[in-house]
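Dock chain R against the given chain W, drawing on the hints supplied.
Here the protein sequences come in this chain order: W and R.
Just so we're aligned, residue 1 is where the first sequence starts under this note's numbering, counting upward by one.
Just so we're aligned, residue 1 is where the second sequence starts under this note's numbering, counting upward by one.
Since the hints were derived computationally from the structure, they do not count as laboratory data.
The model shown is predicted, which means the values in this text are computed figures rather than measured ones.
Take the hints with a grain of salt, since some may be wrong.
[Claimed, not checked] Mimicking DSS-like on lysine-lysine, the simulated pairs with C-alpha atoms at most 27 angstroms apart in a straight line are:
hint, chain 1, residue 1, chain 2, residue 2
1, R, 284, R, 458
2, R, 214, W, 158
3, W, 111, R, 220
4, R, 89, R, 66
5, R, 142, W, 107
6, R, 214, W, 101
7, R, 16, R, 56
8, R, 142, W, 111
9, R, 220, W, 160
10, R, 66, R, 87
11, W, 158, R, 249
12, R, 136, W, 111
13, W, 111, R, 219
14, R, 219, W, 160
15, W, 158, R, 220
16, R, 214, W, 107
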Amino acid sequence: MTSTKKTKTVKWGDEPKLGWVEAMYLPAILSGVGTALKHAFSGKTTTRQYPEVEPTIPPNYRGVHRLNRDEAGRVKCVACYMCQTACPANCIEIIAAPAPKDDPLWKDRDKYPETFTIDELRCIYCGMCEEACPVDAIELTSIYDLTGLTRQEMIYDKEKLLSVYDETVDSGNDPIRTNRGALGPASVEATTAKQGPPPPGRGRHG
Amino acid sequence: MAKVIVNDIEVDADPKDNCILAARKAGVEIPHYCWHESLSVVASCRMCLVEVGERKPDGTVVMGPKLVPGCQTPIREGTVIRTDTDKVKTTQAMTLELLLLNHPLDCSICDQAGECYLQDYTYKFGKAHSRLDEPKIQRMDKYHIGEQIALFTDRCVMCTRCVRFTREISGTAELQVVARGSHEEIDVFPEVPCDNKLAGNVVDLCPVGALCSKDFLYKKRVWWLTHSDSVCTGCSTGCSIQVDQSEDKVYRLRPRENPLAQGHFMCDEGRFGFKYIHDDLRLKLPKISASFSKAPASNLPDRKPSGTADLDFSDPWSEALSIARSKIKEAIKNDAGGFVAVLSPFMSVEEAYLLAGFLKGLDQRIRLVLGPVPVVGGDDKYPKDSKGQSPAQDKVKFTIRAEKCPNRLGVEAILRHYEGQVVTLDNVLHKADATAYYFVGGYIQGWVTEAMDRAIGKPALLIVQDIFPSPLSNRADFVLPSASFAERDGTYVNHSGLAQAAHGAIRCPGDARADGRILMELSQRKGLFNAMTLRKEIGRTVPALAALSVGDLGDYGVKIATTASEPILS
Chain W
1 MTSTKKTKTV KWGDEPKLGW VEAMYLPAIL SGVGTALKHA FSGKTTTRQY
51 PEVEPTIPPN YRGVHRLNRD EAGRVKCVAC YMCQTACPAN CIEIIAAPAP
101 KDDPLWKDRD KYPETFTIDE LRCIYCGMCE EACPVDAIEL TSIYDLTGLT
151 RQEMIYDKEK LLSVYDETVD SGNDPIRTNR GALGPASVEA TTAKQGPPPP
201 GRGRHG
Chain R
1 MAKVIVNDIE VDADPKDNCI LAARKAGVEI PHYCWHESLS VVASCRMCLV
51 EVGERKPDGT VVMGPKLVPG CQTPIREGTV IRTDTDKVKT TQAMTLELLL
101 LNHPLDCSIC DQAGECYLQD YTYKFGKAHS RLDEPKIQRM DKYHIGEQIA
151 LFTDRCVMCT RCVRFTREIS GTAELQVVAR GSHEEIDVFP EVPCDNKLAG
201 NVVDLCPVGA LCSKDFLYKK RVWWLTHSDS VCTGCSTGCS IQVDQSEDKV
251 YRLRPRENPL AQGHFMCDEG RFGFKYIHDD LRLKLPKISA SFSKAPASNL
301 PDRKPSGTAD LDFSDPWSEA LSIARSKIKE AIKNDAGGFV AVLSPFMSVE
351 EAYLLAGFLK GLDQRIRLVL GPVPVVGGDD KYPKDSKGQS PAQDKVKFTI
401 RAEKCPNRLG VEAILRHYEG QVVTLDNVLH KADATAYYFV GGYIQGWVTE
451 AMDRAIGKPA LLIVQDIFPS PLSNRADFVL PSASFAERDG TYVNHSGLAQ
501 AAHGAIRCPG DARADGRILM ELSQRKGLFN AMTLRKEIGR TVPALAALSV
551 GDLGDYGVKI ATTASEPILS
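Same shape as in the complex, but just chain W:
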């Protein structure tokens, strides 16, 4: 059933046959030279004056990580280790701990990251951590010019990742990308919820 469907959606084409003119490749070469010449004499410069003029970075650029804060200013991360599990470069290391329940600030939290370390040198900036995070705590910012003098300096700990958040959150470039609620997409009513049969006499659908 599915296999016949697939053959219909995929169009198979044949290689175009080359005539003797195309087989010489001269028309293609000449048109390429023509394009180069057109640009050379057009009078428009395309050289970017970096670093004097900084480029505009698209909002989906994947740069340095940050750890978001929740409304109370605490680290949003719940130390579920999803990012560490998803990371293909093994650059994230978390040590979880029970939240300090005695502290009124942490009363409603069970688990939090005691340490959260990202090796920015090892990271391949694939964005899988951001994708995996169920609470939208880890995000990649548009900071692209990351430099450091030592390897140690490039290993970001929790405080540094939070400070990246503090610096970037109001800059305009890096708004909080995703804000799906307390515990991610699962806590929001899914569109599929409407597919089920209505419960008799209960709820919105009843």
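Frame of chain W, contents of chain R only:
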């Protein structure tokens, strides 16, 4: 045997089986929460509802009009079980939806995530969504349930496995269900926490993340743990266990079902008693006393253990073992009858065999003796009655034994083969005629008493192979740091003569080595230590341990000929 037809698959099942067990034999999974093989049946979770009917002798099949709980329904010849009908599938999905009504979506911080039956069954049998519009009921977490147990109340599915465990297996009955209907909760009486010696089992029994072990809480996500089958060395019951480790650190021990050994459970002493293997005090470097060392005495002890900076790749063992070997031969030449090797009941059968074979091969007059056997109090039998008294012998469901070592019987079998009898260390110390000692330790707690220390005195040669420093190792001529149970392969024979294979889970700390490897090199045997090959060899050479010749002992182990002194409990 009764013929049962599960989803058109015909299997032979035990007439005592229920539908879940019969279906399992046919390879069909009937999901269940409240039912557990070793607990009574309550049929309260409604997860195992199946269609049951009967095949008449004339071949016609008559199905029952309604669904029945598989855990509660016995089978007989011709029982027909169906789990693949729409009726069953819709009911399973509905049951799961109802169980999940107030279940919080905190899998991301729940320790059970990854080995949770709610997750697994929802994936296999449930729906992807909930139709609940009202906010979920949130309840307070209870950290007061026990010293080792925390209850995350809102994750509970009220299967009451934990309650039945404390009533039926431990007999201490601390846990109970309070309130009724949707207000039901698991709780303890005020100031009577669930702290019995088997309490840790309720965490394993909990099919969801409601009861969590405080010891393991938030330490590691379970999908990073690798499991090795092993044997608990805490007492002579020899519970089958699983060692869960990650990056050479053991995070928890869990009981592994073994009807021949202990059943489904293990005691807290064993469960939480493994911490010593990561103790900083562990012996990590072989030591040679100044008078025996070829090199200046300070050389070896100052060497940094591996894993630290400035790695020294020279092998500290080759010198220690070659000098030790020559000194052993020298001591035997001087006074073979005065050479005493002390085998500890913490050794595996293979290690005892290697050491005994090596020394007896050098000289038949060498004496092999059994080291001290730690015994603490008496056997602790469960379930307790309401006054805390042990039950009658035929009602015992779990025993914590007084003999706190795993392999006395195995080592004794080897000693009997080589020595003809089992002589204890006290016997030798009493005679005071030994001039050289080879001690094997491996004890969990300090085992060298002051009297023993005095009686041993200063022999001509003192070799100590142990995991912790002791007065003996401090003045030994040779200290050979060895491995704990989690770091080595071997066979242990428990109180009833059941030989079980334990598999190493982690590497030894520092430069310590597994006892088997030390003994292989000391005795200059060819090849590497391999427990299975050695078992086959022991089976051939030691008649009392002939059962070991199968090599692979399987998951449950094999019985050696030693007669059981008491019945083995399921």
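Hints and how they fare:
{"no.": "1", "hint": "R:284 <-> R:458", "result": "24 angstroms, holds"}
{"no.": "2", "hint": "R:214 <-> W:158", "result": "25 angstroms, holds"}
{"no.": "3", "hint": "W:111 <-> R:220", "result": "12 angstroms, holds"}
{"no.": "4", "hint": "R:89 <-> R:66", "result": "14 angstroms, holds"}
{"no.": "5", "hint": "R:142 <-> W:107", "result": "14 angstroms, holds"}
{"no.": "6", "hint": "R:214 <-> W:101", "result": "15 angstroms, holds"}
{"no.": "7", "hint": "R:16 <-> R:56", "result": "20 angstroms, holds"}
{"no.": "8", "hint": "R:142 <-> W:111", "result": "15 angstroms, holds"}
{"no.": "9", "hint": "R:220 <-> W:160", "result": "24 angstroms, holds"}
{"no.": "10", "hint": "R:66 <-> R:87", "result": "9 angstroms, holds"}
{"no.": "11", "hint": "W:158 <-> R:249", "result": "24 angstroms, holds"}
{"no.": "12", "hint": "R:136 <-> W:111", "result": "20 angstroms, holds"}
{"no.": "13", "hint": "W:111 <-> R:219", "result": "11 angstroms, holds"}
{"no.": "14", "hint": "R:219 <-> W:160", "result": "24 angstroms, holds"}
{"no.": "15", "hint": "W:158 <-> R:220", "result": "19 angstroms, holds"}
{"no.": "16", "hint": "R:214 <-> W:107", "result": "18 angstroms, holds"}
Hint check: no violations occur; every hint is consistent with the structure.
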